[in-house]
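Number of protein chains: 2
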Amino acid sequence: MENEELCSAQLIGDMLDEKRFVEVRSIVVDFNPADIAALFDDLSETHTLMLFRLLPKELAAETFAELEGDTQERLIRSFSDNELREVIDEMYLDDTVDLIEEMPASVVKRILRNTDSETRAVINELLHYPEDSAGSIMTIEYVDLKAGMTVDDAFTRIRRTGVDKETIYTCYVTGNDRKLLGTVSVKSLLLSPTDCLISDIMETNVISVRTNDDKEFVAHQFEKYDFLAMPVVDNESRLVGIVTVDDALDVLQDENTEDIEKMAAIMPSDKSYLRTGVFETWKNRIPWLLLLMVSATFTGQIITSFENSLASMVILTAYVPMIMDTCGNAGGQASVTIIRSLSLGDIQMRDIGRIMWKESRVSILCGVTLAAANFIKMLLIDRLLLGNTDVSVMVSLTVCLTLVSAVFFAKLIGCTLPIAAKRIGFDPAVMASPFITTIVDAIALVVYFNIATMLLGI
Amino acid sequence: MENEELCSAQLIGDMLDEKRFVEVRSIVVDFNPADIAALFDDLSETHTLMLFRLLPKELAAETFAELEGDTQERLIRSFSDNELREVIDEMYLDDTVDLIEEMPASVVKRILRNTDSETRAVINELLHYPEDSAGSIMTIEYVDLKAGMTVDDAFTRIRRTGVDKETIYTCYVTGNDRKLLGTVSVKSLLLSPTDCLISDIMETNVISVRTNDDKEFVAHQFEKYDFLAMPVVDNESRLVGIVTVDDALDVLQDENTEDIEKMAAIMPSDKSYLRTGVFETWKNRIPWLLLLMVSATFTGQIITSFENSLASMVILTAYVPMIMDTCGNAGGQASVTIIRSLSLGDIQMRDIGRIMWKESRVSILCGVTLAAANFIKMLLIDRLLLGNTDVSVMVSLTVCLTLVSAVFFAKLIGCTLPIAAKRIGFDPAVMASPFITTIVDAIALVVYFNIATMLLGI
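Chains P and B, in that order, give the protein sequences. Just so it is clear: in the first sequence, position 203 is 214 by our numbering, and no numbers are missing. Just so it is clear: in the second sequence, position 356 is 367 by our numbering, and no numbers are missing.
In short, the hints are calculated from the structure, not lab data. Any given hint could turn out to be false.
Copies of the same chain are indistinguishable here, so a pair counts whether it falls within one copy or spans any two.
To be verified - Simulated crosslink set (DMTMM-like; lysine to aspartate or glutamate; CA at most 25 angstroms straight-line):
| id | residue 1 | residue 2 |
| --- | --- | --- |
| 1 | K282 | D357 |
| 2 | K235 | D52 |
| 3 | K198 | E214 |
| 4 | K369 | E79 |
| 5 | K176 | D257 |
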């Protein structure tokens with residue numbers, strides 16, 4: 012697939028240079044817009060514009076909506092006002108709003124200047140919804156029906172207005188006050204007699220979201236209910252737009268990326284990796300690195316305070332990395348499981364008791380397994396095989412007891428911190444491995460040195 | 012929402028006890044199947060069966076398909092053969108296959124005994140596709156049309172067969188040999204004259220997947236092309252089924268969960284957190300913990316080999332946790348970014364040069380920032396404020412130079428290992444923080460002790 016794309020980008024570039032425009036047009040006209048957009052990535056700037064101008068109007072607009080922000084911006088800057096108007100006219104309103112949100116002010120001005128006043132008013136309205144709200148991802152291009160229509164009337168309306176709608180498969184029945192009364196699918200329209208009233212076949216138990224609902228909540232509703240589209244209503248239950256499943260899918264993927272980034276102590280970014288500059292990547296990564304570095308120095312303080320004991324038994328230092336890493340991993344496992352389950356809605360805050368009870372049992376199983384493996388390893392490999400006589404049974408016992416208790420604390424902290432974060436309104440995802448590791452390291456060392464003091468009398 | 016659900020589970024349980032069946036039925040009959048399924052989770056076992064028996068046949072089957080495996084199993088065990096047959100008859104075939112894959116052998120036998128021989132044959136065929144393939148998630152319930160039909164014929168066919176199809180909105184045009192010739196959407200059917208031929212309006216440049224394609228690949232195609240359904244063909248390009256967007260969405264979410272689990276060094280599990288037993292959770296977590304613990308002991312060996320130098324300058328030990336954590340975090344950031352970008356298709360293996368060049372520059376920016384912050388902190392806080400005279404300028408310099416070089420290595424290793432893993436056919440997700448941390452820790456310590464030997468002459 013990849014090679015095909017590359018090959019055709021090369022080929023199409025050559026054909027454009029040779030002015031074989033009709034041929035190029037006949038090739039790409041059958042492509043899916045997403046594939047043409049991918050092709051644009053591999054074409055030179057001049058070729059991009061040439062190819063774009065060859066596309067039929069509708070396909071051009073569909074392709075444009077699929078492009079990355081920087082390519083869109085470059086194209087707009089090369090467009091005549093006429094071309095720009097044509098593209099904007101053909102695009103769905105939610106895509107236009109997405110475009111406007113990404114473009115710099117000068118480009119936005121030009122876009123708005125080239126839309127008719129009615130569209131401009133709608134765009135401005137859509138732009139007013141908070142960034143992460145249902146309102147910001149909805150489109151107003153839906154089919155609305157009236158309860159008194161017959162199935163036949165409905166089809167007439169769909170045929171007349173459907174061509175510009177983002178989906179026609181779910182139609183929305185509204186009253187005179189624009190209140191959402193019900194939905195009717197084209198499937199039930201098709202399977203009902205033509206003289207049947209919409210009010211008789213519409214689904215009145217409508218699941219809808221509000222304009223201010225978080226877009227991630229909306230996406231999860233799609234996951235739960237398997238809808239193709241979902242109505243968005245305002246505070247007076249008036250229908251103002253719909254969200255389609257393709258946009259919900261994008262929201263879900265963005266949310267997953269954001270969660271994964273946060274779990275790895277990175278500030279989320281909108282752009283893809285190769286499109287993010289070096290400086291920007293640095294800016295997204297350095298705050299957490301600095302914060303975690305400062306926190307980790309507390310762990311250093313703990314070592315400093317046991318400096319004298321350590322000097323008398325340096326062998327203890329050899330196991331510090333293993334204890335730190337193992338406990339960090341154990342805590343990270345628990346925290347990531349809980350963060351993901353919270354995000355999927357598999358667990359609720361009220362489950363905290365059950366979760367802690369489960370994690371304590373898991374942690375003891377894990378701790379004992381690790382300690383046993385480690386005890387054997389220390390005595391067989393470190394002492395017998397490598398002949399390190401400093402590794403006594405008591406030292407091994409110290410390390411193993413530390414593992415059991417520190418893994419226990421690690422898992423408990425790992426499972427409670429994300430829930431605590433959610434409780435106080437933070438994103439649980441920041442309580443993932445890096446943060447947990449820093450806390451767990453400190454605790455593991457305190458446990459280690461205390462057990463050492465008790466057992467080895469240092 | 013949550014409270015509502017809880018409240019209604021309680022309420023409905025009480026109503027069932029009071030035998031107010033008609034009332035209960037009239038309440039839940041308007042619920043969405045996903046909501047009834049959620050209700051079942053909060054009902055007692057007897058109430059579950061009582062409520063299930065009150066549901067109309069179709070709603071019962073839809074609800075059944077939404078239930079968790081253990082609830083499904085419990086219900087089947089209480090069903091009469093007749094009830095079981097009714098549920099299976101109403102369910103979509105892909106849901107039946109999912110059910111069979113999850114149930115123990117005895118239940119599977121009963122299910123198969125209660126399906127007619129034709130359905131049984133199809134189920135057996137579907138069960139033969141590899142677990143993660145497109146074939147395993149497809150359904151065979153689609154609308155097929157012939158190229159010679161008119162729009163009117165098509166509607167007649169949809170009306171006659173559509174009620175049992177998982178989607179009717181994309182229809183598939185096949186030749187006599189079942190070869191897929193094109194697709195036509197109900198939207199274009201509705202917007203075309205009724206005497207128009209299907210061959211004139213069908214989309215012939217069809218994007219399809221093969222039965223053996225990985226289901227995650229299929230899901231990503233949905234993300235790319237915004238389809239509602241996607242045709243699945245066999246090796247001879249014959250249409251054998253379709254995958255619908257709701258299933259693609261589930262695959263995508265499962266994949267994300269699996270990636271996140273792997274990144275946290277957990278073996279992926281199919282079940283949700285609270286439904287996984289303690290022993291099973293332990294089994295999913297302990298292999299990586301053990302493996303990483305063993306790897307971390309190499310880090311211990313490095314410390315052991317510098318034992319004498321350390322004994323002469325114990326202050327160096329105080330900065331070991333901070334150096335290990337910081338480099339682990341820096342490497343983890345790079346690896347997770349690369350893993351996610353690979354999974355989203357934002358980067359390809361051929362981009363490795365660009366990636367390494369970018370990461371080296373980012374790592375130097377990060378390293379220098381961290382070193383500068385650390386230098387100031389060590390001299391101002393550790394030395395002046397806390398009065399630790401062991402923290403000399405040379406010691407600070409040692410720690411800071413270590414940070415710059417080790418962060419550099421950490422980021423380079425973090426970005427190359429996931430790509431290398433993919434190259435040799437492993438899942439890049441296993442090369443996330445825990446694994447990277449273990450490697451990076453060892454490298455960071457070697458760098459630290461070598462710089463210390465050079466600068467401090469220990």
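Status of each hint after checking the structure:
| no. | hint | result |
| --- | --- | --- |
| 1 | K282 / D357 | between (30 angstroms within a copy, 10 angstroms between copies) |
| 2 | K235 / D52 | between (35 angstroms within a copy, 15 angstroms between copies) |
| 3 | K198 / E214 | both (12 angstroms within a copy, 21 angstroms between copies) |
| 4 | K369 / E79 | between (46 angstroms within a copy, 20 angstroms between copies) |
| 5 | K176 / D257 | both (14 angstroms within a copy, 21 angstroms between copies) |
Every hint from the earlier list agrees with this structure, and none is contradicted.
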